[in-house]
Amino acid sequence: MISSLLLQLILNGLIVGALYGVVAMCFVLIYKSTQVVNFAQGEFLLIGAWTCWWLVTSLELPFPAAFLLTFLFMMVFGIVLQMVVLRPLIGEPVISVIMVTIGLSIFFQAVVKAIFGAWAQPFPEVFPVKSVDVFGLPVQPAYLMSLVVSVVIMVAFAWFFKYSRMGLAMRATAFDQQVAQSLGISVKGVFALAWAISAMVSALAGVVVGMVNGVSSALSFFGIKVFPAVIVGGLDSIVGAIVGGLIIGLLENLAEYADSQFLHLGNLYSVAPFYVLVIILMIKPYGLFGTKRIERV
Amino acid sequence: MAPAAARTETATETPLLSVNNIEVVYDDVILVLRGVSLDVPTGRIVTLLGPNGAGKSTTLKAISGLLGTENGRVTRGSITFRGEEIANRPPEEIVRRGIFQVMEGRRIIEDMTVIENLRLGAFTRRDGGAAIRADIEQVFHYFPRLKERTGLAGYLSGGEQQMLAIGRAMMARPRMILLDEPSMGLSPLLVKETFAIIETLCAETGITMLLVEQNARMALKIAQFGYIMESGKIVLDGSRDDLADNEDVKEFYLGGDRERKSFKNLKSYKRRKRWL
Numbered sequence: 001m002i003s004s005l006l007l008q009l010i011l012n013g014l015i016v017g018a019l020y021g022v023v024a025m026c027f028v029l030i031y032k033s034t035q036v037v038n039f040a041q042g043e044f045l046l047i048g049a050w051t052c053w054w055l056v057t058s059l060e061l062p063f064p065a066a067f068l069l070t071f072l073f074m075m076v077f078g079i080v081l082q083m084v085v086l087r088p089l090i091g092e093p094v095i096s097v098i099m100v101t102i103g104l105s106i107f108f109q110a111v112v113k114a115i116f117g118a119w120a121q122p123f124p125e126v127f128p129v130k131s132v133d134v135f136g137l138p139v140q141p142a143y144l145m146s147l148v149v150s151v152v153i154m155v156a157f158a159w160f161f162k163y164s165r166m167g168l169a170m171r172a173t174a175f176d177q178q179v180a181q182s183l184g185i186s187v188k189g190v191f192a193l194a195w196a197i198s199a200m201v202s203a204l205a206g207v208v209v210g211m212v213n214g215v216s217s218a219l220s221f222f223g224i225k226v227f228p229a230v231i232v233g234g235l236d237s238i239v240g241a242i243v244g245g246l247i248i249g250l251l252e253n254l255a256e257y258a259d260s261q262f263l264h265l266g267n268l269y270s271v272a273p274f275y276v277l278v279i280i281l282m283i284k285p286y287g288l289f290g291t292k293r294i295e296r297v
Numbered sequence: 001m002a003p004a005a006a007r008t009e010t011a012t013e014t015p016l017l018s019v020n021n022i023e024v025v026y027d028d029v030i031l032v033l034r035g036v037s038l039d040v041p042t043g044r045i046v047t048l049l050g051p052n053g054a055g056k057s058t059t060l061k062a063i064s065g066l067l068g069t070e071n072g073r074v075t076r077g078s079i080t081f082r083g084e085e086i087a088n089r090p091p092e093e094i095v096r097r098g099i100f101q102v103m104e105g106r107r108i109i110e111d112m113t114v115i116e117n118l119r120l121g122a123f124t125r126r127d128g129g130a131a132i133r134a135d136i137e138q139v140f141h142y143f144p145r146l147k148e149r150t151g152l153a154g155y156l157s158g159g160e161q162q163m164l165a166i167g168r169a170m171m172a173r174p175r176m177i178l179l180d181e182p183s184m185g186l187s188p189l190l191v192k193e194t195f196a197i198i199e200t201l202c203a204e205t206g207i208t209m210l211l212v213e214q215n216a217r218m219a220l221k222i223a224q225f226g227y228i229m230e231s232g233k234i235v236l237d238g239s240r241d242d243l244a245d246n247e248d249v250k251e252f253y254l255g256g257d258r259e260r261k262s263f264k265n266l267k268s269y270k271r272r273k274r275w276l
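Order-wise, the sequence lines are chains A and B. When we follow my numbering, the leftmost residue of the first sequence carries the number 1, and every step to the right adds one. When we follow my numbering, the leftmost residue of the second sequence carries the number 1, and every step to the right adds one.
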């Protein structure tokens with residue numbers, strides 16, 4: 001007999017997993033098109049959520065307007081970040097670029113703390129009802145919204161990369177930069193676009209998580225949770241990122257169930273994804289969907 | 001060194017592309033081209049021949065601007081296209097001006113379909129979906145076997161990939177295509193087929209071609225004019241017939257049809273021609 005707690009946790013897992021998937025997609029987008037491992041991905045959520053929170057509480061803008069403004073701000077933020085910080089690093093060793101993104105991550109956390117304080121702030125109520133019924137289970141409307149937003153983003157990504165001119169250009173750049181340039185594609189433009197999209201979409205996820213859990217620096221921890229999702233799916237696969245996100249989301253909630261019902265170890269929720277990460281890396285080092293690199297010596 | 005024959009042949013019109021005495025340096029120190037000059041008249045096929053490492057591909061990359069992606073620069077001389085200086089301009093600008101390079105080894109996007117590859121060729125165009133779809137049909141008209149291939153381009157045969165690479169170049173509606181060794185890795189029959197299509201393309205669409213080749217025999221069949229390059233310099237130039245009749249070209253590039261030489265009669269086994 002499946003208990004309603006288990007069902008509830010599975011539903012939560014799918015919803016949170018879809019969000020992980022979305023952020024993981026953004027991470028993969030940057031990695032694939034610019035070869036940068038972006039350790040500051042979680043801070044995009046953080047900055048996006050605080051920006052939206054500030055627009056809603058201090059400027060008292062209606063939520064949809066604030067949401068849109070946050071979106072625009074993050075687009076500009078992503079482009080400026082790429083142009084000012086990462087463009088000069090093109091051609092530098094991978095390890096230097098990684099150090100820079102880790103540095104960015106610490107820097108943004110500190111700046112956000114300095115501006116908004118270290119305490120979590122509740123997001124003003126956006127939806128009139130506290131919870132809605134889905135198959136007899138109470139679900140927060142923000143969660144439902146997040147599921148819808150995630151699915152819309154995934155469909156939009158699929159469309160963008162399959163049919164749009166810039167999407168094709170980004171795939172070409174990911175495949176071979178020199179070929180892309182020979183086709184008349186501006187690689188600098190593609191890099192800026194990748195960071196802009198990544199920052200925008202991550203911020204969206206940040207706002208949604210912030211609406212449920214309150215806005216705080218814990219949001220950047222959400223970004224860290226995305227690493228197992230990315231690695232499980234394979235670093236360079238967009239589909240892998242979604243599947244990886246869902247797996248991690250389900251897994252931590254199932255771990256929570258096993259923990260609370262039988263094991264009573266405590267905190268298995270946040271540790272389980274990383275155990276799985278280690279196991280997957282041992283069995284399939286390129287992840288479930290990643291490209292195996294064939295190296296000839 | 002002025003390619004005199006080219007100048008007289010095309011004296012009535014200015015060439016579409018004119019490379020004047022360029023010097024190319026990689027990584028600020030390695031001198032690769034030492035004063036290369038060549039002219040390509042509108043609507044013709046001109047071929048650039050020479051052994052490995054002579055600087056043929058570098059010359060093409062200097063024209064298309066891809067040199068910049070390999071840390072190379074044109075340090076002296078000029079490259080003019082339709083009367084405008086284009087040396088050291090970024091590749092995307094040069095594509096927009098109408099020069100499209102088909103790189104050595106075809107370099108199609110293997111994880112995309114044929115159609116997606118073709119649509120990418122039209123990246124710089126702004127004239128919308130209908131015109132691009134019409135041009136895709138046009139490419140299929142020249143390369144009918146590409147139409148049947150619906151899977152990923154990586155699964156195409158070498159010849160089909162070469163056709164796709166040329167088709168992708170056509171999609172940009174260029175004035176001029178730079179072809180870097182289209183015969184590479186293809187069977188003799190496919191080389192023949194590919195070259196025949198290049199010739200038809202030039203005749204029917206008026207796209208000017210600059211063709212770099214190692215297969216001198218095939219290249220001189222379709223080109224009207226040729227240059228021979230060795231260690232970063234043009235050593236000989238002339239019309240197709242001049243080159244094909246030249247004794248040195250026959251011996252070193254065309255080979256085959258002379259009576260077999262015995263190694264005993266040669267002073268040195270590794271004899272090479274000194275041009276200058």
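Be aware that a few hints might be false.
[Said to hold, decoys possible] Chain B stretches covered by chain A per the calculated footprint, using a threshold of three residues with CB under 8 Å from any CB of chain A:
{"id": "1", "stretch": "92-103"}
{"id": "2", "stretch": "204-212"}
[As the list claims (entries may be wrong)] Away from chain B, derived, C-beta distances all over 12 Å, residues of chain A:
{"id": "3", "residue": "Ala114"}
{"id": "4", "residue": "Met166"}
{"id": "5", "residue": "Asp259"}
Because the hints were derived from the structure by calculation, they are not lab data. C-beta: ideal position from N, C-alpha, C; glycine also.
How the hints compare with the structure:
1. 92-103: It holds, with 6 qualifying residues against the three required.
2. 204-212: violated (count 0)
3. Ala114: 40 Å, holds
4. Met166: 9 Å, violated
5. Asp259: The assertion about Asp259/A holds, with a minimum of 41 Å to chain B.
The structure fails hints 2, 4 (numbered hints given earlier, in ascending order).
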